[in-house]
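Chains as they are written, first to last, in numbering that gives the first Met the number 0: chain P, 0 to 162; chain F, 0 to 194.
Treat the hints as calculated values from the structure; they're not laboratory data.
Glycine is no exception: its CB is placed at the ideal position from the N, C-alpha and C atoms.
One should not assume that every hint holds.
If we take Cβ atoms under 7 Å as the criterion, some of the chain F residues that face chain P in the derived model are [as the list claims (entries may be wrong)]:
(1) 41
(2) 44
(3) 64
(4) 66
(5) 93
(6) 94
(7) 180
(8) 190
(9) 191
Residue strings, one per chain:
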Amino acid sequence: MSTSQMVMYDEEFQEINEVIERLLKDSNSKVIFLVDKNGQLISGVGETERFDTTSLASLTAGNIAATGGLAKLIGEKEFSILFHEGEKDNLHISIVGGRVILVVLFDNRSSLGLVRLRVKKSSEELSAIFEKLVKKSEEQAKSGSSSFPFAEITDDDIDNLFS
Amino acid sequence: MSFINYASREINCKIVYYGPGLCGKTTNLQHIYSKTAPDAKGKMISLATETERTLFFDFLPLALGEIRGFKTRFHLYTVPGQVFYDASRKLILKGVDGIVFVADSQEERMDANVESLENLRFNLKEQGYDLDKLPYVVQYNKRDLPNVTPIETLRKDLNPTNVPDFTACASTGEGVFETLKAVAKLILVDLKKGR
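Produce the complete structure using the sequences and hints provided.
In structure tokens, the structure reads:
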């Protein structure tokens, strides 16, 4: 398999949320999402209930994938920041640690400059947490995944899902 | 590449529907969407052209229920089938956990099926995957049409490795859920092994 499995633990989840909560306040933005490059939502803070977060995650990942394809065509590794300007709301999308996508939604109470500045600082913190997370899950995998919830599922468990 | 979240006790898996243009990938998803309880599904997104040809992908999130206290979610994607959208197709395959190859049973589409299957193997390889090692099922769609290739021929040409295969008519929904269940089951069995 080309990529390892993404695993999220409680401890890191809380650390991540602390960072993006702080970013939400510091950047004066409305919502912040963290999305896996494959389109899975990792976490979200702010007015998340106003949005279809699953769709948002999938489309963001598609967007990053498409612009990543464009980047390669012109000889760039990737475009690490995307900015979408709307009439009221704007999206600032950036790649964190090469693996995770940070989405900041903000309106005219903030500004692109402020968001960029704050995102840069938070990205470094998030990168460090995700690096730790990757190491942790690799170690867990090596030590035999005894705590892995799916190791002991039975065929019945699987069949029950479809009943 | 499934995503296991211990914090929210969720597991997310990605299923991709692959196949030649107009074989019925989007129709598969539309049927699943129409027959799933509202609380088990999210919004279906179709990035399509004005003539309803898939331009980038269709996306349908499904929540199947819980296993051992973990919410099990499947994200269903289709690729654009038309040959010239190859660059987009490759992108959709990123992080895939299971594949459904939808074949068009009509005689005149046999070449397109074979070409699309080769394209699938090639694109997977480029991403570092091996189709023979992934959870993978085949669906022979459009069995209701008059000019269909016999199943034996389709099997021989499109399913030489003998993975689970199903006949279907996606427009009426026949065989659609059987196909989905089979691939979802293979993914869960794969997860059980812990890769």
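Restraint satisfaction for residue 64(F) [CB to CB of chain P, less than 7 Å]: Since chain P brings a Cβ to about 5 Å from residue 64(F), closer than 7 Å, the hint holds.
Given hint residue 190(F) near chain P, where the shortest CB pair must fall under 7 Å: Since the shortest Cβ distance to chain P is 4 Å, the answer is holds.
Residue 66(F) as chain P interface residue, shortest Cβ-Cβ below 7 Å: 5 Å, holds
Minimum beta-carbon distance criterion (7 Å), residue 44(F) to chain P: This hint holds: residue 44(F) lies near chain P, its Cβ roughly 6 Å from the closest one there, short of 7 Å.
Closest C-beta approach of residue 94(F) to chain P relative to 7 Å, hint status: Constraint on residue 94(F) satisfied, holds at 3 Å.
Hint check: 7 Å Cβ-Cβ cutoff, residue 191(F) to chain P: This interface hint holds because 5 Å falls under the 7 Å limit.
Residue hint residue 93(F), partner chain P, criterion CB-CB below 7 Å: 6 Å, holds
Proposed interface contact between residue 180(F) and chain P, which counts if any beta carbon pair is under 7 Å: Residue 180(F) check passes; min Cβ-Cβ to chain P is 5 Å, inside 7 Å.
Interface hint outcome for residue 41(F) [beta carbon to chain P under 7 Å]: 5 Å, holds
Hint compliance for this structure: no hint is broken.
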